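This is what each chain is made of:
Number of protein chains: 2
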Amino acid sequence: MNLGASEPALIGVDWGTSSLRAFLVDAEGDVIDGVSASEGIMHVQGRSFGAVLDRLIGVWMTEKTLPILASGMITSRNGWVETPYAKMPLGACRLGDQLHAYTSESGALVHFVTGAVAEDGGRPDVMRGEETQIIGAAATGMRDGTFVMPGTHCKWVQVADGKIVDFSTYMTGEVFSALKGHTILGTLMVDADFDEDVFVMGVRAGREAPSELLHNLFHVRTLPLTDKLSKKATAHYLSGLLIGTEIASALVEAGDVEMVTVIGNSALTDRYEIALQISGVATRRASEDIVAKGHFMIARAAGLIG
Amino acid sequence: MNLGASEPALIGVDWGTSSLRAFLVDAEGDVIDGVSASEGIMHVQGRSFGAVLDRLIGVWMTEKTLPILASGMITSRNGWVETPYAKMPLGACRLGDQLHAYTSESGALVHFVTGAVAEDGGRPDVMRGEETQIIGAAATGMRDGTFVMPGTHCKWVQVADGKIVDFSTYMTGEVFSALKGHTILGTLMVDADFDEDVFVMGVRAGREAPSELLHNLFHVRTLPLTDKLSKKATAHYLSGLLIGTEIASALVEAGDVEMVTVIGNSALTDRYEIALQISGVATRRASEDIVAKGHFMIARAAGLIG
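Chains as they are written, first to last, in the numbering used here: chain A, 9 to 314; chain B, 9 to 314.
The reader is advised that the hints may include incorrect statements.
Here are the simulated EDC-like pairs of lysine to aspartate or glutamate, each with C-alpha atoms no more than 20 angstroms apart in a straight line [as the list claims (entries may be wrong)]: (1) B:K72 to B:E113; (2) B:K171 to B:E261; (3) A:K95 to B:D199; (4) A:K236 to B:E127; (5) A:K236 to B:D128; (6) A:K72 to A:E47; (7) B:K236 to A:E90; (8) B:K236 to A:D128; (9) A:K240 to A:E216; (10) A:K95 to A:D34; (11) A:K240 to A:E204; (12) A:K236 to A:D203; (13) A:K72 to A:D34; (14) B:K72 to B:E15; (15) B:K239 to B:D174; (16) B:K239 to B:D264; (17) A:K236 to B:E90; (18) A:K171 to A:E127; (19) B:K236 to A:E127; (20) B:K95 to B:D41; (21) B:K171 to B:D128; (22) A:K95 to A:D128; (23) B:K95 to A:D235; (24) A:K236 to A:D201.
A few chain A residues that face chain B, going by a derived Cβ cut-off under 10 angstroms, partial list only [claimed, not checked]: (25) V52; (26) Q53; (27) R131; (28) P132; (29) C162; (30) Y178; (31) A213; (32) T230.
Just so you know, these hints were derived from the structure itself, not from any lab. Computed from a predicted structure; not experimentally measured. Backbone N, C-alpha and C fix where the C-beta goes; we use that ideal spot for every residue, glycine too.
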């Protein structure tokens, strides 16, 4: 972040379900400044999206009118303006072509980046927001290959020639929370420091038999019950089991993969790196802020930046 | 039920987590009378297990003292008297040898049937109560083969020479409830009549790719979102997907199985029969009351019945 170091050219907004972030970007696609807020689309009172945006980016709107790009769940049915899903292969040009311009009550012109759909034999998969992160990552030397974006709904994305050609969603994060919070598996769990050995034990169990998940879950109960696992570490075993199961399955889908790019900066992304590495796959990391580079690439493809 | 038709010889109690049932059994192992109550071990105030039992079976205790056998979660850590797990192979004789006698405050002598453990390469599996149902079913011409007991924690049991030789628990029922009640998948669900076509669609998706469950779950969201599935039927698709995934996995474990015995009388057991049949496996049905026959076989093996 180099406040004042270069001329602003664009505002990029990544507006998700539980929070939003905005970036001030210069004409080279570098981030000058960034802000965040807790008003994800589920937390906006009375659909006052425009007011949330004005407050968040108001400090950047003082001199000249900058183009604003917004991506994420903000374009879903429960968001501000619903946009259709774009089909693959999907790069900056197609996303730029399909920007949806909308003028807010206060007069701000917002260009919404639409999400992506994978048809997948009649059982569709969808994303909103991750496509912009991928376009950003693909523009920074991480051009092609397999990308994973850990989270509530983890996305595995295949990129070729800088375009998204396939992707799959795994509900691993949300399944973990539901099992921990609302099944017998959570009753023994306590907050405890991350136990990597136990996590790895879970990853190996998941990778060994990914088709046995509904059975393997019961071991999260029986291992501490028979004193084969510390009660304190039970949540880390469940986390490893789910992530190991996901990775086994996703790596089969991805084919013969030697390297996976992990997008994010959280403790969860650290866990994916550990799990991938013990699966014999090299990893590299991209920051979640790479989304701002995606906004820049799409805005430039759309001719919004000089 | 032939009240008064024959002389009572035994009282069998199946005492689970959420409810309990008791049976009055004659010297041939047939049920003369049965009662049930809602005081499963999680609903007994102040650990007053003896009082619950006295009230439930008091009407049968008027003439002579009958042996009482109790099985189920009542022998777990949260139950009345905790007993160790028995190892396999496990038949009526070993269970009879390992009965745990206990005299309640009111003087009733209760023989607890202990549960079973499968070591399974360091990741143990356990059951309490199902072993008694299996012993009962095995005594009624359904001697050997593969048994499934649908429920919160579904059990798949292998029986040879009338003895339990292996079993696996699948958390399918509890996973269904947690996903329906506490994830985005449940937000579209409404109560609706069972839709067999949609259920079968889910079963097929689960059977096709059991290692892809964490991904396939997302289709429960995307299919109604893209109008490929009626919102009304979404819960039945999820049910089919989970049961199909379980069956694919359990049938691999069971080896080349042509016939499965389904124990139970609920709408859920009907679904397992449908799912097994479309998987090319014949089914036969045993009532849950078969547990009383199990109590009888174990009591006779222990010499408690003349």
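Here is how each hint holds up against the structure:
A distance of roughly 19 angstroms separates the Cα atoms of B:K72 and B:E113; the hinted pair therefore holds under the 20 angstroms criterion. Simply put, B:K171 and B:E261 have alpha-carbon atoms about 18 angstroms apart, close enough for the 20 angstroms limit, and the pair holds. For the hint pairing A:K95 with B:D199, the CA-to-CA distance comes to about 34 angstroms; that exceeds 20 angstroms, so the pair is violated. At roughly 12 angstroms between alpha-carbon atoms, A:K236 and B:E127 fall within 20 angstroms of each other, so this suggested pair holds.
For a cut-off of 20 angstroms, the pair hint linking A:K236 to B:D128 stands: about 13 angstroms separates their Cα positions. Only pairs whose Cα atoms come within 20 angstroms are accepted, and A:K72 paired with A:E47 is rejected, the gap being roughly 26 angstroms. Our distance criterion of 20 angstroms between C-alpha atoms is met by B:K236 and A:E90, whose separation comes to about 19 angstroms. In summary, the hint linking B:K236 to A:D128 is supported, as the alpha carbons are separated by about 13 angstroms, within the 20 angstroms threshold.
Distance restraint check for A:K240 and A:E216: the Cα-Cα separation of roughly 24 angstroms exceeds the 20 angstroms cut-off, and the hinted pair is therefore not satisfied. As the CA atoms of A:K95 and A:D34 are separated by approximately 29 angstroms, the hinted pair breaks the 20 angstroms bound. Between A:K240 and A:E204 the CA atoms are separated by roughly 13 angstroms; this keeps the pair inside 20 angstroms, and the hint holds. Among the hinted pairs, A:K236 with A:D203 is consistent with the structure: their alpha-carbon atoms are about 15 angstroms apart, no more than 20 angstroms.
Only pairs whose Cα atoms come within 20 angstroms are accepted, and A:K72 paired with A:D34 is accepted, the gap being roughly 13 angstroms. A hinted pair counts as satisfied when its Cα atoms are at most 20 angstroms apart, and B:K72 with B:E15 qualifies at roughly 11 angstroms. Taken as a hint, the B:K239 and B:D174 pair is broken in the structure, with Cα atoms around 40 angstroms apart against an allowance of 20 angstroms. This hinted pair does not check out: B:K239 and B:D264 have alpha carbons roughly 37 angstroms apart, beyond 20 angstroms.
Of the pairs offered as hints, the one joining A:K236 and B:E90 holds, with about 19 angstroms between alpha carbons and a cut-off of 20 angstroms not exceeded. Under the criterion of a C-alpha separation no larger than 20 angstroms, the hint pairing A:K171 with A:E127 is consistent with the structure, at around 16 angstroms. Restraint check: the Cα-Cα separation between B:K236 and A:E127 comes to about 12 angstroms, which is no more than 20 angstroms; the hinted pair holds. Restraint check: the Cα-Cα separation between B:K95 and B:D41 comes to about 32 angstroms, which exceeds 20 angstroms; the hinted pair is violated.
Among the hinted pairs, B:K171 with B:D128 is consistent with the structure: their alpha-carbon atoms are about 17 angstroms apart, no more than 20 angstroms. At roughly 12 angstroms between alpha-carbon atoms, A:K95 and A:D128 fall within 20 angstroms of each other, so this suggested pair holds. Between B:K95 and A:D235, the direct Cα distance comes to roughly 17 angstroms. Compliance with the 20 angstroms bound is thereby established for this hinted pair. Of the pairs offered as hints, the one joining A:K236 and A:D201 holds, with about 19 angstroms between alpha carbons and a cut-off of 20 angstroms not exceeded.
For the restraint placing A:V52 at the interface with chain B, the shortest Cβ-Cβ distance is roughly 17 angstroms, beyond the 10 angstroms limit, so the hint is violated. This hint is violated: A:Q53 has a C-beta 20 angstroms from the nearest C-beta of chain B, more than the 10 angstroms allowed. Taking 10 angstroms as the C-beta contact cut-off toward chain B, the hint placing A:R131 at the interface holds, the least distance being around 5 angstroms. Satisfaction of the interface hint for A:P132 is found here, the shortest Cβ-Cβ separation to chain B being roughly 5 angstroms, below the 10 angstroms cut-off.
The interface hint given for A:C162 holds, since its Cβ lies 8 angstroms from the closest Cβ of chain B, which is under the 10 angstroms cut-off. With its C-beta approaching chain B no nearer than about 4 angstroms, A:Y178 sits inside the 10 angstroms limit, and its interface hint holds. Taking 10 angstroms as the C-beta contact cut-off toward chain B, the hint placing A:A213 at the interface holds, the least distance being around 7 angstroms. For A:T230, the shortest C-beta to C-beta distance to chain B is roughly 5 angstroms, which falls under 10 angstroms, so the interface hint holds.
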